[in-house]
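Engineer: Sequence:
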Amino acid sequence: MEVAIIGADIQETIGSAIALSILTSGRLPLYAGCIVVSVSAFGLLLLDRIGFRQLEAVFFCFIVTEAVAMGINFAQADVPSVDVAKGVFIPRVSKTTMPVAVAVLGALVMPYNIFFQSAIVNARPRDASCDGRKRVLLQYLRVESFLVLALAFVINLFVICVFAHGFYGTDTEVGLESAGDHLAERYGGVFKTVWAIGLLAAGQVSTIGLTFAGQLVMMGLLNLKVQAGPRMLATRLVALVPTVSLAVVFEASNTFDKVAQMLNVVQSMMLPFALIPVLHVCADKIVMGTFVSHRYLTAFGALIATVVAAVNGYLLVDFLHTEVENTPGVDAGLAFLIIVYYMVVLYFAIGPDNMGACLERCQDVWAKVRAWIRNNRRSADFESMLEVHF
1 MEVAIIGADI QETIGSAIAL SILTSGRLPL YAGCIVVSVS AFGLLLLDRI
51 GFRQLEAVFF CFIVTEAVAM GINFAQADVP SVDVAKGVFI PRVSKTTMPV
101 AVAVLGALVM PYNIFFQSAI VNARPRDASC DGRKRVLLQY LRVESFLVLA
151 LAFVINLFVI CVFAHGFYGT DTEVGLESAG DHLAERYGGV FKTVWAIGLL
201 AAGQVSTIGL TFAGQLVMMG LLNLKVQAGP RMLATRLVAL VPTVSLAVVF
251 EASNTFDKVA QMLNVVQSMM LPFALIPVLH VCADKIVMGT FVSHRYLTAF
301 GALIATVVAA VNGYLLVDFL HTEVENTPGV DAGLAFLIIV YYMVVLYFAI
351 GPDNMGACLE RCQDVWAKVR AWIRNNRRSA DFESMLEVHF
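Position one of the sequence shown corresponds to residue 1 (the UniProt record's numbering), numbered consecutively onward.
Don't take every hint at face value.
[Claimed, not checked] Here are the simulated SDA-like pairs of lysine to any residue, each with C-alpha atoms no more than 20 Å apart in a straight line:
1. 285 <-> 352
2. 134 <-> 282
3. 192 <-> 176
4. 86 <-> 169
5. 285 <-> 353
6. 192 <-> 172
7. 134 <-> 290
8. 285 <-> 138
9. 134 <-> 286
10. 368 <-> 357
11. 86 <-> 154
12. 134 <-> 289
13. 86 <-> 157
14. 192 <-> 23
15. 86 <-> 101
16. 285 <-> 130
17. 192 <-> 63
Hint data in this document are derived by calculation from the structure and do not stem from the laboratory.
Could you build all of it, start to finish, from the sequences and the hints given here?
Structural biologist: Okay, here's the thing in structure tokens:
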């Protein structure tokens with residue numbers, strides 16, 4: 001999970017550095033922008049010591065800035081709203097656009113959000129002295145989560161529609177590092193500036209959230225008991241070193257867009273490993289008590305996790321077949337990777353505590369199958385075959 005967080009952090013930090021480079025007319029190098037973004041994110045996280053409400057206010061300001069900036073570009077681009085509505089309610093995904101769709105899923109529903117949202121709930125002052133108050137609190141949290149995801153959906157819709165309306169059907173390849181220049185050519189210089197402002201706000205929000213989630217993983221999953229300041233600094237440095245190194249490479253080779261696509265795919269492939277444990281915990285009556293998830297809700301969540309895992313397997317095959325030369329050795333390695341991925345997903349789906357009972361159950365079923373085959377198998381000698389056929 002920490003690897004997935006670092007991968008997402010690389011994207012967001014370099015994206016913010018690109019925005020700073022645009023706003024400074026290229027005077028700020030990419031690696032310097034990464035350092036500025038990381039230091040500012042670390043400084044903003046220190047607001048948590050003053051109070052979580054102050055940190056929430058910073059989040060709110062950045063999200064509003066991002067939404068307004070992307071909304072301005074959407075409104076000025078004159079995107080056909082009827083076609084957008086058709087695409088939202090009747091989506092069509094071709095084979096060539098499937099990797100992009102899965103990458104968008106990984107970018108929007110990031111695995112670290114599962115831990116981040118839980119930490120936000122625990123960080124707030126709340127009165128949970130009885131089940132009734134807890135239910136009211138959960139209702140408000142559901143509404144808040146829905147509004148956050150809805151706003152994220154709308155912002156992503158604005159971005160995708162602007163670029164689709166301007167560049168779909170053309171030979172122009174648009175990526176994060178070249179998006180500002182293409183917007184300026186297609187719509188004008190104001191679009192480029194507004195895009196950079198929105199990109200910077202989005203990057204700052206995500207960088208703060210990723211740093212917070214990273215320290216939660218280190219503290220919770222690894223059981224590391226470290227003071228808040230050193231913990232945040234260590235988490236920030238773990239992501240900063242590879243980010244600055246890659247920023248130098250990307251600035252020299254202009255290959256960030258391909259790597260960003262790969263990192264989005266990694267995010268999507270890590271999603272089942274965040275969803276499945278949550279399903280296990282929420283369905284456990286010992287842990288949840290009266291708040292245990294209904295079996296229909298658990299089944300629906302399991303279906304979503306299964307679909308995500310299945311699409312990820314398809315995406316991995318498609319991506320490697322596209323990017324790597326097909327040879328028998330490559331195909332064998334690809335098959336091995338797919339098997340390992342699904343075995344790990346299955347292990348998480350069953351659960352470590354249930355693995356022993358599951359193996360015993362499988363052995364029992366296999367023994368019954370073998371007994372049934374022995375009892376119903378027909379004699380295969382030649383004379384019996386002649387009697388049957390003639």
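Engineer: Okay, which hints does this one fail, numbers in order?
Structural biologist: none
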